[in-house]
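There are 2 protein chains.
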Amino acid sequence: MSLAQEMFAIAPADGKANLSASQLKMLAGKARWIFRVCEAGFPTVPTIAITRAAWDELQAERARRDTRLRTHWVACLFKLVDKDGKPPLLVVRTSASSHNGGLMPARTGIAAPNAPEDAVDPARPLARAIKQAFESYGFSERGWNGKGQEGDRARQIVLVQAVAGGEIEHFLTRNATTGALGPAPLNGHPPPRLPKDVDALIGLLDAKAGRHMACLVSVDRGRIQFLSARPIQVSAGAELEAAVDRVERKVWTPHNAVSRIDATRLAQMLHPRLKSPDDVSPIAMGLGVSPGAASGIITFSAEDAARLRARGKHCILVVNETGPADIEGMKAATGILTARGGMSSHAGVIARITGKPCVAGVRSLSVDSVEMVCRIGDREFRQGDRLTIDGSDGAVYLGTLPLAQPQIGGAIGTLLDWSDASRTIAVRTNVETVESAQTALSFGAEGIGLARSEHMFFSPERMVALRRMILSEDEEARSRAIAGLVDYQTGDYSALFSAMNGMPVTVRLFDPPLHEFLPRTDEEIEETASSLGLAVRALRLRLDRIAEVNPMLGHRGVRLAITYPEILQMQMQAVMAGARAAGENQDKPVVVEVMVPFVSTATEIAWVRERAMTIFANSGFGRSDRIRFSFGAMMELPRACLRAGDIASMVDFISFGTNDLTQTTFGISRDDAPTFLAAYQRKGVYERDPFVTIDEKGVGEMIAMAIERGRAANPRLKVGICGEHAGDPASLHFFAGLGVDYVSCSPYRVPVARLTLAQASA
Amino acid sequence: MSLAQEMFAIAPADGKANLSASQLKMLAGKARWIFRVCEAGFPTVPTIAITRAAWDELQAERARRDTRLRTHWVACLFKLVDKDGKPPLLVVRTSASSHNGGLMPARTGIAAPNAPEDAVDPARPLARAIKQAFESYGFSERGWNGKGQEGDRARQIVLVQAVAGGEIEHFLTRNATTGALGPAPLNGHPPPRLPKDVDALIGLLDAKAGRHMACLVSVDRGRIQFLSARPIQVSAGAELEAAVDRVERKVWTPHNAVSRIDATRLAQMLHPRLKSPDDVSPIAMGLGVSPGAASGIITFSAEDAARLRARGKHCILVVNETGPADIEGMKAATGILTARGGMSSHAGVIARITGKPCVAGVRSLSVDSVEMVCRIGDREFRQGDRLTIDGSDGAVYLGTLPLAQPQIGGAIGTLLDWSDASRTIAVRTNVETVESAQTALSFGAEGIGLARSEHMFFSPERMVALRRMILSEDEEARSRAIAGLVDYQTGDYSALFSAMNGMPVTVRLFDPPLHEFLPRTDEEIEETASSLGLAVRALRLRLDRIAEVNPMLGHRGVRLAITYPEILQMQMQAVMAGARAAGENQDKPVVVEVMVPFVSTATEIAWVRERAMTIFANSGFGRSDRIRFSFGAMMELPRACLRAGDIASMVDFISFGTNDLTQTTFGISRDDAPTFLAAYQRKGVYERDPFVTIDEKGVGEMIAMAIERGRAANPRLKVGICGEHAGDPASLHFFAGLGVDYVSCSPYRVPVARLTLAQASA
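Note that the protein sequences, when read in sequence, are chains A and B.
First residue of the first sequence: 545, per the numbering used here; consecutive thereafter.
First residue of the second sequence: 545, per the numbering used here; consecutive thereafter.
Read the hints as simulated data drawn from the structure, not as lab findings.
Possibly wrong hints are sitting among the right ones.
Claimed, not checked - Stretch by stretch, here's where chain B covers chain A in the computed footprint (C-beta under 8 Å, at least three residues):
hint: 1; stretch: 1096-1103
hint: 2; stretch: 1142-1150
hint: 3; stretch: 1200-1210
hint: 4; stretch: 1223-1233
hint: 5; stretch: 1236-1250
Glycine included, every Cβ here is placed at the ideal spot set by N, Cα and C.
Bound conformation, chain A alone (with noise of 0.2 Å):
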């Protein structure tokens, strides 16, 4: 294409522009919603455009004292010339396809040149505009990651526009927090004042653009003409209530809007607040900068952050500022304070895309990340500690206060109603108490997928009962120990059970982490010695006999089971009670489906399984109706991927543990990998973090594989995925894609799965 087809009216000041193809393209930014309200005919400035390679050569024409070039761009001028032939006053605006601070603001009141050589020569206003506005880019285009593509760059336009006569008016064509359609104030504006025509305008805009969009217009004398749109970011809430009022005008199918929605965007939603913010007065208050209320330790580093969050703490990261050292610390906090900085900080952009809250710039603090020791006006904070943010207002509260969770209303019901009518893969969820199962029930949970039955002891209580199993010297001291541990279980089955009123309710059987269960500090060891009637000497060297070198890789899951059968036994019965009464309260049947962890070879599933099918035979179900029994086997080790095979054949499902998979297939600790992460994704070692989102190439191969291998041996058989990643949408994507039977997640990505696996199935 010749550059002279580079330089063309979008918007010409008589009728419509005629554009080729390769024109069309070029439409970035304003450009493109500017000449689509002028193609659908509604009063639009006269407006062109010039790319910047058209410019350039322009530019390198005149230094040729060649004019071919000049004669197209002098004629596109004159396409803002109105039928009366008077030249306007000009405006030079940029027309970026992303806003960024570092353009140059529309440069208004310029001067139509009065020669040829004036609309080029950078001395003289016009020219001299549009040259600022292409250095504007040079800036903003490229960035600070030095990213950025030449190509791009060339094809990058400026527009030039007649100044419009009357008011100028700025104003949103959705509300900013309710989504509601009709003329909004922009942020920091006044409200508009508009005639009835612009609803025209709005619907059209809105209609073609599908978000909100911040619009420019003047008014004359009642006469509405448009000057400029550009889209804007606004919260979730407001762009799930708009997507649905767009379906309600039949603008949109519930398919269309099921599909525009950003999962990552609705997970940031569904984040908890104080449950009683006007009974506490904050310590502090700084800036809200994300949004939802978090509670935690004390936490100074990263690192720290990292290794508390391994082990299931919540931490809240306390920092004078934060930069590109501190992003997987504030990953792995559960909120973020800092002392310095504001609502476009490093903290603040970083924490709303992670959707952690943060409270950010609160003047009083002041931190001493050496010495780990942080001062709040004059209390004294050490790590340990614990807080309570909010960042939707910058409050900071003392001690751990009670959150409220999100509840699902409204706009997001709607969709996700939608959302489960197209979609063909369950969502169920991970969880061990009634609490946490009315949560995701909430949410839209389908059932459990992983009740991690080693969960359902932490309380001081049952702590004490299961470490006196533990550490049990020999079986009969064992059984004594278990014996006391089967009415809990049963209770708690039993209760589980009947929340989920015949959703299916997967229990994995026991795989505790040992050393999250044992006694760690001389206080917690005294304690633990004199409630287990041992002496602190002998309950350390038994500890010390227990302790594992690599207790990831130790003596846990399917290992319990067949080393300690009588655990086995115990757990079995527990279940076994526990649907019995469940079934005794509801209609439907009581779906069990009992999960053997950490399985690496078939005859680990095949020992377990006579053991267990005895059980269940003999509790008198066999021929019930009360029950549905299966069992399936967790894969979460590459050689249970290899053996899928000869596994699938023994059972009724599979589900993969993607956490443990992808740290044995990548040879990671997850607990250890904070010290070098960092620098791995510093040097670009890793795309992504694998922890966060599937690694499809390796761990995915893996459970592709094992699928492959598993419905060859077993036609029947159910696949399922519960790991962290069956949150993540990149993640829920690629199962999608393999087929898998359903996911299960954490109550609050529920609502994340359901509109992913929909998008996906599509």
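Start from chain A and add chain B according to the hints.
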């Protein structure tokens, strides 16, 4: 076949036996040799055989008062009658396929039956002896392990022989110690007195059986008659000598000799071993983590071990677990015994490097090194008491037991030379020191396949430098610490390259299992702090921060090179300087292969390759023929195997680290496995210990897949195996089937690999 055919003469009094194919198949145990000797025309005492099935039917027939089968049996017995027609006295012998103490001893001097009925009546001497002979199998053939097949049981046979006249002589066909051909005394029997024509019999049996045989003959007036023979187990040394002798006598080809030697028994010859393990019972069992037996005085500290060694005393270092501080003591000790730890524990690694027998992870052992006392079960031991350990099977014995020292005589050398002629896969060794390299060369190693560079720091003064590097807080401190290490390393590499004189040397980049190098006890920490000029408290903090939850999956291997590029820089420079120094003193080029450990992604390899190649290019060697440099990846993670195509396209070779690959594929920490591996073995969950013999179905498929993908991407790719499995005969057969280019094992395993790979390639 009718049961009548299951009673037949194998050496008739008159002429030769004419057996059907199915009768030939029945010839188990002695029957086989009696038949073959008779068949060869050597005078043999008349002998008939009967199967248990036939005998049982004779009894059933008797109960039915039928006589059809009995007629056959009596006819059979008549085959024992000489031309003179006088029925001889009879002998009844068992003829089991393998000799066993529970079998009935030969019952001799039995009168021939007077009437047909007497031949089957268990109240009469002949039938009673036959009945008892069969009954003695009942115990022996099924044995304590409950295994045994009914089909085989029916085919068991009993022999009835005529009593021979003259003197009965017992002897061996070859000397039990030297392997020399000719009549040799059988253990517990007087030296045989035999006429010259026994040599024909011995030659005949030796050629037919290809094993040492225990023989029974009668000598009557200088006339020899063959009665029976069975193979006996002699020392591996005697077997090797006999094998070579058979080749020299042209009874065997060299190929026969190589293929008939049991490689596992060869391995046992290369370490000191218990002279008579069957005569003693262990007082405890642990893990045999470094092979060979050792006896000595119990000692609890490195200093005492050094003191005892200085006085020429053998001692066994007994500790809970070893750490860097114990290295000198381990070198001084004759053997090492620990309460904790497994195959990859510090004790195991150092013991194998230094060639010391070591038993680790003895759960019934507890050591109080302050009180200088240890307990094994309820026995108490003090310094000065004596123990014997066997690092091959993990046994611990009371007192000093007699040991047999290894001897590599002429026969081994000859056999291994023959092996090399038919072997196509190279055998290298895993060593870091010149001393070990020389041992390996004397065993026929063809290069070094794994030099673990971090092991070059196992001496007190180097350990200080290494700890300084590990504990550095920033890059500058680390660079300073590293500078001090370059000289050590350069000297080490130069010496190692020189020792190998042009053979390839694979240097694995630094892969420290950090926890093995760091101080642990209060005393060590104080010492380290002072040697580093740090406050003890600061050092403890740093140690806390470095501590890993799962060090096996932690900050190691290539992850260190990427996070601390200065370490990579130092190592590459030292390797290049070492190669230059070695190259100046030899004619052959120095063959250096740099290998990157613990790779999981191709980007890691690309990152290290770029830097390593730059250092190589800048070393001045670029176009010289003094060095042949190649670059490779160690494959020890499942993900590396899956992505072998990407990785192979960037390297000259890959080498499988089968230990770590087994750990990650199975999700088993070798150190922690003992707690459940015993139960797994007892319950038959694993067919074999996957750390001893490669798991073909899992880890093996991983390796096969990686080789296939790697060679598809890079047809010139060289493939090696450098894990412990490279010294295990069963695993070596598997690797040979995969078409690897070389294997690399510990020095003492080199002969085993040479022999096994020759057998595999035949």
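Outcome of the hint check:
For the stretch 1096-1103 of chain A, the stated coverage by chain B is satisfied: 5 residues place a CB nearer than 8 Å to a CB of that chain, which reaches the threshold of 3. Counting residues of the stretch 1142-1150 of chain A whose C-beta lies closer than 8 Å to any C-beta of chain B gives 5; at least three are required, and the coverage claim holds. Beta-carbon proximity to chain B at under 8 Å applies to 5 residues in the stretch 1200-1210 of chain A; the threshold of 3 is reached and the given coverage holds. Only when three residues or more bring their CB closer than 8 Å to a CB of chain B does the claim for the stretch 1223-1233 of chain A stand; here the count is 6, and the claim holds.
Look at the stretch 1236-1250 of chain A against chain B: 6 of its residues bring a Cβ nearer than 8 Å to a Cβ of that chain, three or more, so the hint holds.
The structure shown violates none of the earlier numbered hints.
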